[in-house]
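**Student:** Chains as they are written, first to last, in this note's numbering: chain B, 1 to 378; chain U, 1 to 378; chain E, 1 to 378; chain F, 1 to 378.
Hints in this document: simulated from the structure, not taken from any laboratory.
Treat the hints with caution; some may be incorrect.
[Unchecked claim] Label-pair restraints from in silico Cβ distances:
id: 1; chain 1: B; residue 1: 302; chain 2: U; residue 2: 73; range: 43 to 53 Å
id: 2; chain 1: B; residue 1: 173; chain 2: U; residue 2: 177; range: 48 to 58 Å
id: 3; chain 1: U; residue 1: 304; chain 2: E; residue 2: 152; range: 45 to 55 Å
[As the list claims (entries may be wrong)] Output of the computed footprint for chain U on chain F, the stretches with three or more beta carbons under 8 Å from beta carbons of chain U:
id: 4; region: 283-292
id: 5; region: 295-309
Backbone N, C-alpha and C define an ideal beta-carbon position, used for all residues, glycine too.
Protein chains: 4
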Amino acid sequence: MAKLRYGMVGGGPGAFIGDAHRKAISLDGTAELVAGCFSRTPEKTKEQGEALGLDPERCYANYKEMAAAEQAREDGIDFVVIVTPNNTHYEIAKAFLESGIHVACDKPLVTTVEEAEELKKIADEKGLLFMVTYTYTGHVTMKYMRDLVKNGEIGTVRTVMAEYPQGWLYNENDWGGKQGEWRCDPAQSGRVNCLGDLGTHVENAVATVTGLKIKRVLAKMDVVVPGRKLDDNDQILVEYEGGATGINWTSQFAIGCDNSLRLRIYGSKGTLLWFQETPEEVTLIREDGIARTIKRGYGAVTPDAAKYGRLPSGHTEGWLEAMGNLYDSFGACVLAKKEDRFTLDLIDYPTIEEGVAGLKYVEACLKSSENGNVWVEV
Amino acid sequence: MAKLRYGMVGGGPGAFIGDAHRKAISLDGTAELVAGCFSRTPEKTKEQGEALGLDPERCYANYKEMAAAEQAREDGIDFVVIVTPNNTHYEIAKAFLESGIHVACDKPLVTTVEEAEELKKIADEKGLLFMVTYTYTGHVTMKYMRDLVKNGEIGTVRTVMAEYPQGWLYNENDWGGKQGEWRCDPAQSGRVNCLGDLGTHVENAVATVTGLKIKRVLAKMDVVVPGRKLDDNDQILVEYEGGATGINWTSQFAIGCDNSLRLRIYGSKGTLLWFQETPEEVTLIREDGIARTIKRGYGAVTPDAAKYGRLPSGHTEGWLEAMGNLYDSFGACVLAKKEDRFTLDLIDYPTIEEGVAGLKYVEACLKSSENGNVWVEV
Amino acid sequence: MAKLRYGMVGGGPGAFIGDAHRKAISLDGTAELVAGCFSRTPEKTKEQGEALGLDPERCYANYKEMAAAEQAREDGIDFVVIVTPNNTHYEIAKAFLESGIHVACDKPLVTTVEEAEELKKIADEKGLLFMVTYTYTGHVTMKYMRDLVKNGEIGTVRTVMAEYPQGWLYNENDWGGKQGEWRCDPAQSGRVNCLGDLGTHVENAVATVTGLKIKRVLAKMDVVVPGRKLDDNDQILVEYEGGATGINWTSQFAIGCDNSLRLRIYGSKGTLLWFQETPEEVTLIREDGIARTIKRGYGAVTPDAAKYGRLPSGHTEGWLEAMGNLYDSFGACVLAKKEDRFTLDLIDYPTIEEGVAGLKYVEACLKSSENGNVWVEV
Amino acid sequence: MAKLRYGMVGGGPGAFIGDAHRKAISLDGTAELVAGCFSRTPEKTKEQGEALGLDPERCYANYKEMAAAEQAREDGIDFVVIVTPNNTHYEIAKAFLESGIHVACDKPLVTTVEEAEELKKIADEKGLLFMVTYTYTGHVTMKYMRDLVKNGEIGTVRTVMAEYPQGWLYNENDWGGKQGEWRCDPAQSGRVNCLGDLGTHVENAVATVTGLKIKRVLAKMDVVVPGRKLDDNDQILVEYEGGATGINWTSQFAIGCDNSLRLRIYGSKGTLLWFQETPEEVTLIREDGIARTIKRGYGAVTPDAAKYGRLPSGHTEGWLEAMGNLYDSFGACVLAKKEDRFTLDLIDYPTIEEGVAGLKYVEACLKSSENGNVWVEV
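Starting from the given sequences, assemble the full structure and let the hints guide the process.
**Tutor:** Have a look at this one:
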């Protein structure tokens with residue numbers, strides 16, 4: 001029985017990502033959906049609310065009404081999940097924060113660093129939690145790698161080859177349907193497409209695993225497929241504080257790549273290899289050159305990572321489980337807040353700070369690329 | 001909002017498999033858990049029921065009481081999920097069938113062919129549905145392979161190399177905890193261990209994908225790890241009706257194997273390769289020798305298989321999704337029964353017939369092995 | 001500069017295997033080809049000898065003449081390489097042994113156990129060396145696995161899954177050209193096809209790596225592809241002395257399999273995995289379940305295996321190098337004989353004893369299969 | 001019997017690369033080694049010549065003497081193989097060209113573009129052949145990819161991700177022995193280490209397969225391992241003429257990477273994937289996303305590539321075979337020159353033009369890196 005109640009903004013009929021968030025939250029019974037504003041069209045919200053078994057009274061015509069009404073209820077929602085298009089995140093998140101409600105928001109967080117920092121400020125002032133759902137960091141193997149790096153198992157990180165190519169927008173005559181069209185449209189996406197959608201995941205994944213902070217970037221953001229107006233291939237040189245280097249690559253026309261977030265981290269004493277499409281395993285190479293494949297569920301996995309596994313080794317867990325893991329930690333924090341026993345070390349999910357970092361990364365890359373591929377400090 | 005209500009027998013605190021079934025059912029909101037008899041100890045049932053938010057009145061002290069009470073209620077359960085140890089399946093399933101309640105039961109179904117056939121008879125007479133949860137057949141890629149074979153893409157099947165080795169019981173000083181102990185104990189498992197647990201999955205997977213019926217088997221069931229009393233390594237020659245041959249191998253001491261169900265199907269025009277630990281892909285080899293890796297979500301996947309996918313390619317789905325797929329079809333059938341529009345072609349899950357086939361396979365193998373590895377007709 | 005001279009029987013124009021032996025021998029300059037009887041047709045022998053730069057006087061019309069003439073010469077050949085069809089090996093090998101010339105002979109050695117034992121007897125009596133070219137045992141990684149097993153790294157071997165499927169004869173309308181036709185023809189191959197060609201490699205590979213001796217076999221040798229007269233799919237249960245078990249599988253119709261000799265060796269403390277088509281690496285799995293991929297050239301490789309490597313790690317060596325390794329050891333032994341410093345521990349190649357073992361294996365399998373798949377002692 | 005005679009400069013006792021060239025040339029009996037100046041120390045040349053069975057008269061004290069003497073002989077060498085340290089290539093190659101002898105020279109060709117162009121000029125004027133041994137382009141699969149691109153199978157190339165990381169110099173306390181020390185020493189290697197050794201291979205591999213010409217580069221050449229003085233990690237943005245882009249990465253400290261030249265070529269209609277350590281296969285992905293693994297020896301391989309295979313599919317060929325393929329074509333051209341039937345289309349090996357291109361690439365990268373990672377035209 002869920003101990004928390006949540007509401008959702010976005011995620012109307014047919015929306016893939018809203019459904020995925022609901023499934024991920026229900027996986028461990030973290031919270032129960034009790035309110036929603038699923039669409040700009042009230043009828044659709046009604047329809048979706050009904051399909052989900054919601055009290056019609058809590059199916060709201062707009063998010064502002066929802067924030068106010070839920071704040072007022074004694075049994076109001078503990079947190080809201082925002083899964084609308086990016087350019088609406090800012091206002092919605094602000095409304096709920098101002099109503100004293102914790103927020104889980106899809107990435108990329110907002111469209112400017114300023115907006116992100118403002119949200120962070122409000123959340124901080126009000127003592128509210130703010131999760132940005134960088135799903136991939138939820139994988140047990142990602143958390144395990146983070147621990148391996150932290151524990152010095154690969155020594156000092158020297159260079160990081162990170163990438164996230166996809167292929168679904170390779171065809172100039174196919175704009176990727178509803179999902180692709182808004183991403184490729186400057187009116188809806190602003191100045192950035194591929195880098196915002198995929199590049200922020202890359203940046204966040206590297207930061208999460210290695211703990212490295214980006215010092216500066218040199219970005220080449222190209223518009224390649226004929227007819228496109230925004231970047232669909234980004235090749236970026238990175239320098240981290242402390243001297244490590246790296247390359248981040250994202251693409252939308254790499255035929256044969258589906259969701260191919262890949263990390264290759266080379267340290268002074270070892271190497272870590274990870275691929276999102278086989279997320280149940282990590283390869284660790286030590287100085288002897290021997291590649292060790294370690295699977296989620298093995299004794300070698302650190303307890304802080306292993307605890308997120310639900311099934312024995314070989315019973316594959318996937319993308320929903322990764323997202324579920326984020327909500328497990330977020331839910332535990334919301335509950336701790338509610339029960340007045342919250343401490344910072346409980347946080348094991350991407351926060352708004354990481355959302356801010358993502359936007360700073362994107363802005364620096366844009367500046368670099370627009371100025372002819374020069375180094376720009378982040 | 002779930003349109004169906006279900007109850008569970010077994011799945012008390014700490015039981016992995018009951019929790020997995022609940023998660024799989026909740027994945028698509030197929031049914032709501034409203035009743036249970038989670039343990040032989042009423043206190044534990046209470047505890048679990050409370051944790052799951054159940055009406056205490058519907059937390060039953062024993063399964064007979066539960067069957068009777070639920071049958072009597074107007075809002076009684078639509079189906080029951082049985083996740084107790086194998087040797088109790090027969091009586092429990094019988095009680096619910098006799099109360100007119102559809103049944104989903106973990107595998108292996110029961111312990112003798114006779115029991116299985118009796119359950120089948122009752123279900124048939126009462127027009128009740130009976131699912132046996134051979135989880136692996138729920139993978140989209142399994143359903144896709146089934147279609148490929150059916151459509152003649154690999155010609156006539158000639159030989160099938162099927163295996164399901166595990167390694168968790170390799171150590172003579174480690175009996176695998178609670179999970180392993182009852183499996184290795186003749187008092188609880190009867191005459192068979194590894195073959196019942198893993199071998200039936202192999203038999204069912206091959207039957208599901210190829211449609212082949214086993215004609216006869218020649219089985220070598222060995223007790224290998226010192227101290228064990230039941231088979232922990234089974235190597236079986238198979239002849240199928242129509243002339244195809246095969247080898248089925250299962251083991252519990254194959255170090256490095258987790259849940260390694262693997263199918264390699266060689267036909268007159270092509271080959272299919274599938275591995276449970278990377279269930280998102282199938283390899284199809286045609287006469288040109290070129291290995292084609294096809295992923296769930298690709299256009300090549302047949303619609304009858306593809307429809308079970310929830311996420312785009314590259315967003316990995318795993319074991320829970322496979323089980324969820326079984327419940328999707330089973331739930332749809334239960335609903336159709338309820339709404340009086342059921343037809344046989346709606347069934348896309350393993351039925352009690354497949355449970356019976358599994359038991360016949362096990363019995364034939366036992367007879368073969370006990371008689372010095374001779375051919376035994378199934 | 002080669003310190004040894006050799007002659008060849010077989011390997012005329014267009015013969016793949018003779019050319020391969022010559023290339024393998026020349027790889028390290030082990031021996032110089034100085035004499036030959038390359039074909040039954042003297043003109044072809046002439047032609048081939050000329051192409052290879054041989055003294056025409058040493059291009060012989062038949063092997064008997066060659067054996068006699070070379071024995072008589074002061075600069076006669078140190079060893080002969082026999083690469084003719086199997087059913088001629090016996091007489092040719094005998095002639096050279098009786099002329100006091102060391103022999104390297106392609107596998108399968110001869111067609112009956114009796115012939116094999118007679119050759120062995122002659123060689124032993126005359127103190128002559130006799131190599132049977134089971135090429136795959138020459139891989140550095142095979143020798144490394146042998147050492148790992150010997151050193152107890154995987155504990156006691158429990159079961160061995162060994163296989164060597166090929167696909168080139170899958171098509172009933174294609175008999176595989178010159179190579180396939182004689183193999184599929186009872187008049188030329190006797191009672192066995194696939195098992196002789198591939199099964200002996202499997203038997204030898206397992207014996208080499210594990211040191212296990214086969215106690216008995218239960219063989220199912222099937223003629224599957226329409227029109228074939230000899231076995232093209234062999235599925236064999238094996239029991240080894242000491243209690244280990246195994247399955248050996250060979251096939252000629254497994255579409256997508258090229259030269260797919262694969263060993264999976266499961267011991268009480270670990271597992272070894274090896275695949276002939278990626279012969280530069282071995283996977284060792286210890287009790288922690290972690291798969292360790294070790295490549296030829298790594299420090300972990302035992303010196304007795306590592307010494308056969310010619311190139312640094314990552315500079316791939318292949319099939320010719322494996323055969324070259326056999327000749328390196330054989331050549332070293334021939335030279336030691338010549339220089340009167342031979343000792344048995346110099347032998348690191350498959351000898352006629354292994355040829356005899358292969359024939360015993362084939363005969364036991366035939367007997368088992370012809371008697372309805374019953375156990376037959378080897 | 002070899003129809004050509006060759007001499008070697010370099011390749012004394014213990015030198016890996018000289019031995020490798022000799023093995024590669026002998027693989028198909030392309031040419032016979034008859035002369036050499038294997039070392040700067042005449043005694044070592046004598047020793048090596050004797051070991052190789054050479055006429056002592058043709059073991060020369062220095063390369064100039066060798067060039068003159070061989071030019072003067074009626075049975076003089078047809079070509080010379082130069083396998084000395086890079087900074088000596090220029091003078092040696094010049095001496096042989098001026099003596100009218102064809103040249104095969106290890107890469108990187110020389111140390112400046114000027115030297116390279118001068119050698120090219122001499123060779124052109126004298127009508128002499130000049131091969132630069134970029135070994136990897138000799139793989140059958142590389143030639144096959146070249147044909148696939150040329151035939152439009154992947155449409156227009158859009159971006160190329162190319163890399164060649166190694167790990168052998170990761171340890172600051174280990175300078176890689178004789179091989180590593182001169183590479184890391186500015187006195188012997190000039191201004192460049194990793195990029196000269198590995199980066200030129202990357203540049204050449206991409207050029208060979210795609211036919212693309214580099215327009216400009218933006219290079220980040222880093223000295224990372226403590227104590228090193230020359231680049232050991234190079235991350236380079238590339239723009240090709242016609243608009244394609246790419247990243248070239250080379251490293252010497254990437255633990256776990258041996259000889260990991262990898263190409264990933266993304267076109268408008270498909271993708272090609274290739275990895276040097278599994279050189280027997282290519283992966284081709286078409287618009288349907290399906291990855292097709294094609295092996296050397298399959299019917300799909302284009303005849304111009306397939307003709308270089310020596311063994312059936314599954315009988316692995318490796319690095320020596322790749323180098324042997326270069327010499328096969330070079331030898332055929334030398335023979336055609338000798339027999340006065342040479343035409344340009346016979347050339348299927350890397351020529352001095354490709355050597356020049358490599359040097360231009362290195363110089364542009366150096367300039368870019370030294371100027372703060374700016375674009376430099378090649």
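**Student:** 43 to 53 Å was suggested as the range; check whether the CB atoms of residue 302/B and residue 73/U agree with it.
**Tutor:** With Cβ atoms ~48 Å apart, the hint holds.
**Student:** Is the listed coverage of the region 295-309 of chain F by chain U valid when you require three or more residues with a beta carbon under 8 Å from a beta carbon of that chain?
**Tutor:** Coverage by chain U holds for the region 295-309 of chain F (4 residues, Cβ < 8 Å).
**Student:** Verify the CB-CB distance for residue 173/B and residue 177/U against the hinted window 48 to 58 Å.
**Tutor:** Between residue 173/B and residue 177/U, where Cβ atoms are some 57 Å apart, the hint holds.
**Student:** Cut-off 8 Å, C-beta pairs, minimum 3 residues; does the coverage of the region 283-292 of chain F by chain U stand?
**Tutor:** holds (count 5)
**Student:** Between residue 304/U and residue 152/E, does the C-beta distance stay in 45 to 55 Å?
**Tutor:** Given a distance of about 52 Å, which is inside 45 to 55 Å, the answer is holds.
Of the numbered hints stated above, none is contradicted by the structure.
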